[in-house]
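Visitor: Sequence:
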Amino acid sequence: MSIKHALLVLMLDEPTSASQLQTKFEETMGIWQLNIGQVTQTIQRLQRDGLAETAGTTVSSNGRTVDTFQPTDLGRELVAQWFESPVTVTLSERDELVTKIAIAESRGLNLIPLLDIQRNTVMAELRALNKSSRDLPETRNTQRLLVEKRIFELEAQARWLDRIEALDK
Numbered sequence: 019m020s021i022k023h024a025l026l027v028l029m030l031d032e033p034t035s036a037s038q039l040q041t042k043f044e045e046t047m048g049i050w051q052l053n054i055g056q057v058t059q060t061i062q063r064l065q066r067d068g069l070a071e072t073a074g075t076t077v078s079s080n081g082r083t084v085d086t087f088q089p090t091d092l093g094r095e096l097v098a099q100w101f102e103s104p105v106t107v108t109l110s111e112r113d114e115l116v117t118k119i120a121i122a123e124s125r126g127l128n129l130i131p132l133l134d135i136q137r138n139t140v141m142a143e144l145r146a147l148n149k150s151s152r153d154l155p156e157t158r159n160t161q162r163l164l165v166e167k168r169i170f171e172l173e174a175q176a177r178w179l180d181r182i183e184a185l186d187k
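Quick note: to get my numbering, add 18 to the position in the sequence shown (first position is 1).
Quick caveat, the hints were computed from the structure, so don't treat them as lab data.
Even for Gly, the Cβ is constructed at its ideal location relative to N, Cα and C.
Please note that a few of the clues may not be correct.
Distance condition first, Cα-Cα at most 30 Å in a straight line; then the derived BS3-like pairs of lysine-lysine [as the list claims (entries may be wrong)]:
1. Lys42 with Lys22
2. Lys149 with Lys167
3. Lys42 with Lys118
4. Lys22 with Lys167
5. Lys42 with Lys167
6. Lys118 with Lys187
What follows is a list of derived Cβ distance ranges for each label pair [to be verified]:
7. Ala98 with Arg181: 36 to 42 Å
8. Ala184 with Asp85: 58 to 64 Å
9. Thr108 with Arg177: 30 to 36 Å
10. Asn80 with Thr157: 31 to 37 Å
11. Glu143 with Arg181: 17 to 23 Å
12. Glu143 with Asp31: 17 to 23 Å
13. Glu95 with Thr157: 26 to 32 Å
14. Asn148 with Ala98: 34 to 40 Å
15. Ser151 with Asp67: 35 to 41 Å
16. Ser151 with Asp31: 28 to 34 Å
17. Pro131 with Trp100: 40 to 46 Å
With the sequences and hints as input, model every part of the structure.
Guide: Written as structure tokens, this is what we have:
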């Protein structure tokens with residue numbers, strides 16, 4: 019997940035303090051929390067990279083004067099590029115399940131028990147997610163997006179396990 023992109027987007031409407039960014043992020047995402055240290059470190063990196071700048075100050079809820087931040091033109095360009103770019107996963111990314119199956123195969127182990135254990139776990143998680151999704155609103159909120167994505171990933175993994183089982187040794 020790109021925290022830097024998310025924070026830049028949340029700064030677009032108005033200059034925003036670190037604590038305001040933290041609150042906006044948590045309100046938007048619903049289930050993911052950021053600690054204030056992560057927010058301030060990300061802001062510092064954004065400033066270092068010329069993507070955000072100090073816009074002024076504001077008085078925080080505790081009465082202290084704090085800096086507010088806004089994206090630079092370069093930061094706005096980065097946000098536009100982020101929304102226009104696909105999210106990809108590289109084929110070379112390490113995958114524990116692929117590693118486990120490849121190592122088991124190289125050792126001459128019977129893959130059927132390993133595949134069955136994985137398949138049973140996938141099916142149990144699918145049942146639980148489908149059950150929990152019934153209580154979620156049919157909207158594009160973060161929880162619904164995560165559950166739907168995970169369901170599709172698990173369905174794909176189940177099909178993949180069937181395919182691996184069908185392959186020749």
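Visitor: Confirm or reject each hint.
Guide: Outcome of the hint check:
1. For a cut-off of 30 Å, the pair hint linking Lys42 to Lys22 stands: about 14 Å separates their Cα positions.
2. Simply put, Lys149 and Lys167 have alpha-carbon atoms about 15 Å apart, close enough for the 30 Å limit, and the pair holds.
3. Distance restraint check for Lys42 and Lys118: the Cα-Cα separation of roughly 40 Å exceeds the 30 Å cut-off, and the hinted pair is therefore not satisfied.
4. Of the pairs offered as hints, the one joining Lys22 and Lys167 holds, with about 22 Å between alpha carbons and a cut-off of 30 Å not exceeded.
5. This hinted pair checks out: Lys42 and Lys167 have alpha carbons roughly 23 Å apart, not beyond 30 Å.
6. For the hint linking Lys118 to Lys187, the alpha-carbon distance of about 15 Å falls within 30 Å, and the restraint holds.
7. In this structure the supplied range 36 to 42 Å holds for Ala98 paired with Arg181, their Cβ-Cβ distance being about 39 Å.
8. For the hinted restraint 58 to 64 Å between Ala184 and Asp85, the CB-CB distance of approximately 59 Å keeps it satisfied.
9. Between Thr108 and Arg177 the CB atoms are about 21 Å apart, so this pair departs from the stated range of 30 to 36 Å.
10. The supplied range of 31 to 37 Å is met by Asn80 and Thr157, whose beta-carbon atoms lie about 34 Å from each other.
11. Glu143 and Arg181 have their C-beta atoms about 19 Å apart, which keeps the hinted 17 to 23 Å range intact.
12. Taking the beta carbon of each, Glu143 and Asp31 are about 38 Å apart, not inside 17 to 23 Å as hinted.
13. Roughly 30 Å separates the CB atoms of Glu95 and Thr157, a value that falls within the hinted 26 to 32 Å.
14. Checked against the hint of 34 to 40 Å, the C-beta distance between Asn148 and Ala98 comes to roughly 37 Å, which is consistent with it.
15. The given range of 35 to 41 Å is respected by Ser151 and Asp67, whose C-beta atoms sit roughly 39 Å from each other.
16. Between Ser151 and Asp31 the Cβ separation comes to about 32 Å, which falls inside the hinted range of 28 to 34 Å.
17. Remark: the range hint 40 to 46 Å for Pro131 to Trp100 is upheld by a beta-carbon distance near 44 Å.
When the structure is compared with the earlier hints, violations turn up for hints 3, 9, 12 and for no others.
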